[in-house]
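J.: Residue strings, one per chain:
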Amino acid sequence: MNLPKYILRRAAFGVFVLLSVMTITFILSHSLGGDPIYAWLGKAAGLHPELAQAYIQKYHLKDPVLVQYYYYLLSLAQGNMGYSPSRNFLPVTEVILETLPFTIQIALFAIVMSLVVGVLLGVVSARYNHTPIDTGIRAFYMTGYASPPFFVALLLLIIFTYTLGILPSGGAFDPTLTKPTWITGLPILDSLIEGNFPYFTSALLHVILPSSALALVTFGIVTRVLRSSLLEIMHANYIRTARAKGLDENTVFYKHGLRHALIPVVSLSSLIVTWLITGTIFVENVFSYPGMGRYVVQALNGQDYPGILGTTIVFALVIVGANLVADILYAVVDPQVRLG
Amino acid sequence: MSTASQAKRPIMAAIVIVIIVVAAVAVYFMTQQPSAPMTSTTEMMTSSVAAPSTLAIDDPFWPSGDLNQLNSIYAIPYPDWLTYTVYQSLVTLNGTSLYANGDVQILPMLATDWSVSSDGTTYTFNLRQNVVFSNGDPFNAYQVWGQMYGLYYLANNGTAFLNGYNVFDMSTAKFGPATLDLMAKSGLVTPSQDLLTIMEDTTWPIYVTGPNQIVFHLKAPFNWFPHTLVAFVGLIFDTQYVLQNGGFGTPTTFNTNFNLKPIPGTGPYVVTDVSQNSYVKFAKSSNYWGTSLGASDIQANPYLDPGHVQNVIIYAKSDDVARYTDLSTGAAQISGILSQNWPLVLKNPDKYGYAVMPDASMAFVGISMNTQRYPTNITAFRQAVVHAVNLTDISQRVFFGQLAPMIGPEYPAQKDWYDLGNLPQYAYDTTLAKQYLAQSGVDVSTLAPLEFRVVSGCTYCNSAAQIVQADLAQIGITVNIEVTPGSQWGLPYVAGAGSYKQGLANSQTVAQFTWFGTGTFAPGAPTPADAWLLFANENTPANDYAIYANPVVQKCVDAWTSTNDQNTIRDLCTAAQKQMYDDAPYIWLGGIKLVFGGGSVAWDKTVVKGGLLDPVFTGISSTLVFNTVTFVGS
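As you go down the protein sequences, you meet chains A and B in turn.
One point on numbering: in numbering that gives the first Met the number 0, the residue at position 130 of the first sequence is 129, and numbering is uninterrupted.
One point on numbering: in numbering that gives the first Met the number 0, the residue at position 532 of the second sequence is 531, and numbering is uninterrupted.
Source of the hints: derived by calculation from the structure; they are not laboratory data.
Hints may be right or wrong, so weigh each one.
Listed below are the simulated PhoX-like cross-link pairs for lysine-lysine, each with C-alpha atoms no more than 25 Å apart in a straight line [as the list claims (entries may be wrong)]: (1) K283/B x K260/B; (2) K178/A x K283/B; (3) K554/B x K577/B; (4) K57/A x K173/B.
Bound conformation, chain A alone (with noise of 0.2 Å):
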C-alpha cells in the first residue's frame, strides 16, 4: 500500500478508537452512582430547590444516559464542550485551553529527558554489557519503573526542595514576575522568544522536579528497548561483515548498529507519551501544577461530566495522535510495515 493510503487508514482507526473512548467514558462517568446535582451544588441543592431544578433541567441529568449523549455530541458538534461544575460552570474549552499548555510543557521536557537518559543509558548499558556497570544501569531503571510517579516526584521534593532547598515546591513560576505575552500558547517557550529571561529561568526551575518524576519513570522502557536492540543488533551478519571489514569497534557500534537499534524507540515513543500524559495526573498534583491533571483531579471528584469527558477528548487524541505519528514514522522508515 502507498503511504498516503496507509496514513488514511490509520487516521480512520484512529477516530473510531476516538469515538469508543468517548462513548465508553461518557457511559462509566455517568454511571458513578449519586445524584451529581449534589457534587455539582454542594448544600445549596437542598437550600434551593428551585435553583437545582433549573440545572437538572438545563443539563437535562435526569435523562436516560443515551439521550444525555445525544446531547453531548450535539453541542460537541457545535464545538462546544459544555460548562465546567468544578470550575464554576466556566467553558470547558476555555479551562482546557488554560492548563493544557502547562501539562504539555512538562510533557515534553519529560519526553526530552527520557529519551536523552534513555538512549545514553541503553548505549552504555549495551557497549559494557555484562559487566557491573551494565547491571547497576539496569537496576537503576528497573527501581524508576517500578516505583509510581507520585513517589517518585514526592522523594523528589524532599531531597531538592525540602533538604538541599534548590528548587521550588510547587507552582508553574514565580508570580512576582511579569508573564510572556502568549505568542505560542506555552509559557516557557514565549518568554524565551520575548527575551523575559527572570520569568524563563523561573519557570524552567518550576518544571524541573514535576519533568524528572515522570522522566524517571518512563526512561527506562528506552533503556531497556535500546539495550536489547543493540545487543541483537550487534550479533546481526552486517555488523559481522563490518568487523570483517577491519572497522573499529566503536565505529562498528555507534555508526552501523546504533542507528538500526534506535528504530523499535521511534515505535516506542508514542508509548512514552502515554505514560507520560497519565502520569502527569499524580505529578501536577503533587506539585501544584497548575495543568490538566490537576484539573482531571477535580473534575473526578465534583462528579464533573463535561469536565470528565473533554479531558478524556483531548488526552485521548494526544494519544491516538502520538501512535499515529509513530506509525507514519516507522513505515517511513520501514517500507516493510506499509506492505502489511
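Put chain B on the given structure of chain A with help from the hints.
T.: Chain B alone, transformed into the frame defined by chain A:
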C-alpha cells in the same frame, strides 16, 4: 538465555527492592529531622527576621467557585480568601474576643449602627458614608439593595437566599430580568426615578430610604438577624461594577467574568493577579476607607485592620509535604498543615506558631445516626452507641488531644444558649451501653454489619471511624466503613446534603452512621438558631444528617424565627435539648481546636506574630484573614 543471565535476575530484583526500601526509609528519617534552619539556632532564638514586603501563604485548597462572589448563595467560594480582605459586610464580629473566649459580639463594619422595631421584624441599618469600592465606585444603600435582589434572582428566586435563612416574605418583591435591565440602564450611583420608586417601595422586604439607609423587613421576628449578614451573602461587592461587566447572569449561568477577575470590594486589599488553581496576588487598596483608623479603633474591631504588609500571595498547594517544605524553608510564612505533617510542627514549638480555636467555638466534628433505618431507628440502640464510643480516645489518637467537649446541638460559642439543660457529655460506659443494647431488643449476633460512611480524602474522619468501629465491636456491633467519593456525598447515600423531607424519602439507602459533613462542620451564620434550624428541623433544606425531627424539638426550632421573646425560646429549647439528649440522634465528638481537625494553620514565629481566622470559625476560609496578620518587631 544463558545460565549466568538467569542467575543475575534474582540478584537484580533484590537490588531493586533494597534501593526502594532504603529510599523509603531515608525519606522517613529525613522528614523526622527538625528542618535545617536558614540561620543558626542561636540567631533564630535571639533575633527575628524583618517583616516581609510580601507575605506568602500556602493553602491546601483552591477556592471552589474560584473568586466569583456571585457564588455566595452556594456558600462558596470556599475557601474565600477575600473575606474581610477584599469584601466587608454591614456588620461583623469582634474577632479578638471570638477567638480568645468564644464570645460572639456583633460590631459595625460597613453599617455604623442599626435599630430594630419593637416587634423585632424590621431592621434599619445606617451605612457608613464616604466609603468607596477599590475601583472608586461609591458604596451606598442602592448597591446593597441591588446585590441582595440580584443574589435572590440568581437563587432562582429562592426565599432562603440569605445563607439558608428563610426570613423574608418575597411574595411582594417582583424582581426579575426587567428589574435587572432597569438597574443596568439607571446605574446604582444615582439611580433613576423609576428605579428609586422600586427601591423605596416599602411593601418589598428589603428597601432603601435614601442613599445611606437600608431596611430589612422580616416575615417574623428574629433576634439574630444581623448575625446572618456577617459572611457569604452578607459580603458586600460593587453591584454597579457587576452591571457594567455583563450583569449577574441567569440562575443556571452565572456571569463567569468574575471567576478570575473578582468584583471590587471595600476592603483593605485588592486582587492584582490570579493564576487559576495556582495563586492569587493581593496589594493594599489605596481607596480603603479604614486606612485612617487609629490603633484603638482597630483593637476594638480588628477585622477593620488596613493590614501590615503591602503585598500578599496565597498559593494553592494540594500536597502537604510541599506546604510544610515551604514553611520550613521560609518560602511561605503561613501554611496550612494537615495531619500527615502536623507532628513536625508540634516538634518545633520554637519555630512554629499555629491557630488554635477556643474551647467554646462553633466548629465541631460529629457522627449522625439514621433515625429512620433499622437498627439506629431504635432510641435505646442509639443510647447504647453513644455510651460505647470513647471520645477521649478519639481526641487523643486522632485530633492530638485537641477536641473540646460538646453537648449538642447548640454550638459552645453561643454561651447564653449552650447546654441549657446543663446536661453532661455521654459517659463512656460499656456496661451501660450493653444494658441499653439489651433494652433495644436488637440481637447483635444476627445483625448484619452496619454502614458507616465517611468522605474520601478526610484522613481523620477515617481514623476516627475506625476507632468507633472498634468501640462498637466491643459491644458486639459490627460496622463496615464505606469511604465515599466527594462526588457521591449526597442523596441517596448521605442525608445532610438534601432537605429533611428528601432524607426521609431516601432513608433506607442512607447509611446507619454518617460522618457529619465532609470533615469539620462550621456554621454559615454565627447565630444560636443555626444549629437548631439545621440539625433537627423537619423544614430544614440541608444538614439534618440524622433525618431527625421531633414535635418537642420542633417547637424550639420554630420559636427562633417566630418570636422575639427570648424566655419563651429558652424554655422551649431547654425541653428540646433534653429531648434530643434522650433521643441521641448524633454523637457529638467535640469542638475542634485545630483548624483542619488533625492539623491547622501554622506560621513561622520568627516572622509572624499571629492573626485571626474568619468570623464563622473557618466556615468561610481555611487560612488567616491576612489583613489581621501582625509581624514580629512591628
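J.: Each hint needs a verdict: does it hold in this structure or not?
T.: Do the hints match the structure? See the list:
{"no.": "1", "hint": "K283/B x K260/B", "verdict": "16 Å, holds"}
{"no.": "2", "hint": "K178/A x K283/B", "verdict": "21 Å, holds"}
{"no.": "3", "hint": "K554/B x K577/B", "verdict": "13 Å, holds"}
{"no.": "4", "hint": "K57/A x K173/B", "verdict": "24 Å, holds"}
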